[in-house]
Structures are given as C-alpha cells and as structure tokens.
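First to last, the protein sequences are chains F and D. Reminder that position 56 of the first sequence reads as 56 in the working numbering, one-by-one numbering, no gaps. The working numbering runs 1000 ahead of the 1-based position in the second sequence.
For the record, the hints were derived by calculation from the structure and aren't laboratory data. For each residue, glycine too, the CB sits at the ideal point set by N, CA and C. Please note: incorrect hints may appear among the correct ones.
What the hints assert, rightly or not - No farther apart than 30 angstroms at their CA atoms in a straight line, the calculated lysine-lysine pairs in the BS3-like style are these:
#1 F:Lys8 <-> F:Lys116
#2 F:Lys116 <-> D:Lys1108
#3 D:Lys1045 <-> F:Lys98
#4 D:Lys1045 <-> F:Lys116
#5 F:Lys116 <-> F:Lys74
#6 D:Lys1045 <-> D:Lys1108
#7 F:Lys74 <-> F:Lys8
What the hints assert, rightly or not - To be clear about the criterion: a stretch of chain F counts as covered by chain D if any three or more of its residues have a C-beta under 8 angstroms from a C-beta of chain D, and this derived list gives those stretches:
#8 39-51
#9 101-115
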Amino acid sequence: MAEAERIKAFGEAAEREARDPVNQPTINNWVEAMGNTNPRWQGGEAPPSMAQVWTMYGLGGRPPADDPLHAMMKVLTDAGYTAVLGTNCEQTYERTLKVGEQVRVTTALDSVVGPKTTGMGVGYFVTSRNTWYVDAPDGQREVVARMLFRVLKFVPRVSTDGDSA
Amino acid sequence: MNVGDTIPEWSVAITPTLIVSTAIATRDFQDVHHDRDLAQGHGSKDIFMNILTSTGLVERFVTDWAGGDTDVRGIAIRLGAPAYPSDTLTFSGTVSAIEDGVAVIEVKGAVSLGDHVVGTVRVSA
C-alpha cells in the first residue's frame, strides 16, 4: 500500500508531552482501580505498565496531524476499513518512572500488512511503535519505555446501525 | 524462582465498575469502555475491558506472586476474547525460562468466551 510507505517515511514523529508530570494522585487512582497493593507504588515510583497512561490523550486531547498511526487509520477508514480491534501490545520498560518526571512520547508506523481475511472480516494489520522519553539531567533524552502495538483495521462482516451511521 | 514454577491461578470478577474505573484510571475515554449503549451501537455485546487494563492486571498477577520488588522488564500480550461484565477473568502462569537474570513467564488470562489474553512477562529473577 503506497500510503503506508509514505506514512512510514514520517519516521519517529508526532513527539508530544504528557499532560502532567508523573504524579502520585494519578498513580493512586490506577492502583486502586487495579487493586494493586504493592507498597512500592506509594514510595515515589510508578508501576511500569503505567508508562502509556501518562501520554494518553484523555478526554480533550487529539492526535497531531503528523501522527503516523492516526494518519494510517484515517487512510484505512476512508477506504472502508471502518472497524478496529487491538490484537497485540508489547511493552518493554528500561526502568520505573519517578514521581515528578515529565514524559514525552513519539509514534512511528512500523508495518501495514494485508488485506487479510480474518475471523472478524477482511482487514489490514497496522503495527506502530511508541517510544517514551525523559530528559536526563545532562540534557540527553533517555528512553524509559517502548511499545509495539498492532491493530486489525477491518470491514465488519455484519454492518450495524452504529457502524454505518 | 525456578523454571517450571507455576503461579497459582487468580480469578477476577469482571464488573462494570472494574471496567469503567480501570479505563478512566488508565486515562482511556473510548466510549466502548464506559458506555453500554454506544458499545452496543458499535456491535459489541457490552462495554469491555481496555488493553491498558489487561496489561496492568497481567503485571499485578505476576508481581503479586514474584514479589513487589520484582522489576518488570516487559509485558507482551496478544488479545483474544473480550472481557465483558458478569464474566470472570482467570489468570494462570508458568516460568518458562531464566537467562542472564531475567525470567520469562508465560501468562494466560481466560474468560468464558476463551482466552482474553495470552503472553509473556519478563522480570528480574
């Protein structure tokens, strides 16, 4: 798919800051909801799998125009592949984040594979890579976490009112 | 921790409260994780658990067993059957390898519809 090659060429793009620094109230909401009672998360560290939480868009946030995953999803939506389903999420953590740290994330389009016939319908597997950074005291940016994320973007086999609206 | 160690099964009751509170706590406001009418409008049976929560519960399952000081190096999961309210999510796991101070733990989280999540967690050993 030519559009995929064009968007892959964006490289590691759409760098953006977390809305808030790593903070205890947000950690508290997370550990309460998850039922995670590890005392370590009351001592200035954030749970590793929260890395992604800090840079979620939230209610008001929107992906920037140069976001490769957003751009690829739009291409496929416009081509009729309207439905989306997460299939793989692979996170690696270099270290835990500390309360007070300000996190940034970049997004790159890794691959677009398809069209494939799946149990859900015909679609494309879209794989993106996120990298989370913190600025080190020496001015260098430090990678703290990475994620490979794959979704199936597909034509639903049975259209519903909600999808066709 | 030794290769072949099995983590005792852990079952979580999937309630609407769990799905909604974890979705919001992970700052994921997609309607399918908190609004049943809209979720059904998208063709889903009900609201369902978001991926950040599946990952967070896998993390908890492993570290509750391995110990709170365990450093988690990575969580890789494949998503399968949705986790809907009124179902039960049951985790199981086995240590499959230990190399260079890192243990690989194979983890599965099953619901009534099948495997919700299958994957590996890498932790300091």
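Each hint tested on the structure:
Using a Cα cut-off of 30 angstroms, the hinted pair F:Lys8 and F:Lys116 holds, with the two alpha carbons roughly 20 angstroms apart. Among the hinted pairs, F:Lys116 with D:Lys1108 is consistent with the structure: their alpha-carbon atoms are about 26 angstroms apart, no more than 30 angstroms. Straight-line distance between C-alpha atoms of D:Lys1045 and F:Lys98 comes to about 39 angstroms, which puts the hinted pair past the 30 angstroms bound. For the given pair, D:Lys1045 sits about 25 angstroms from F:Lys116 by alpha-carbon distance, which is consistent with the 30 angstroms threshold.
Between F:Lys116 and F:Lys74 the alpha-carbon distance is near 18 angstroms, which keeps this suggested pair within the 30 angstroms criterion. Distance restraint check for D:Lys1045 and D:Lys1108: the Cα-Cα separation of roughly 23 angstroms lies within the 30 angstroms cut-off, and the hinted pair is therefore satisfied. Of the pairs offered as hints, the one joining F:Lys74 and F:Lys8 holds, with about 14 angstroms between alpha carbons and a cut-off of 30 angstroms not exceeded. With 6 residues having a beta carbon nearer than 8 angstroms to a beta carbon of chain D, the region 39-51 of chain F meets the requirement of three or more and the stated coverage holds.
Residue count for the region 101-115 of chain F with a Cβ under 8 angstroms from a Cβ of chain D: 0. That is fewer than the three needed, and the coverage hint is violated.
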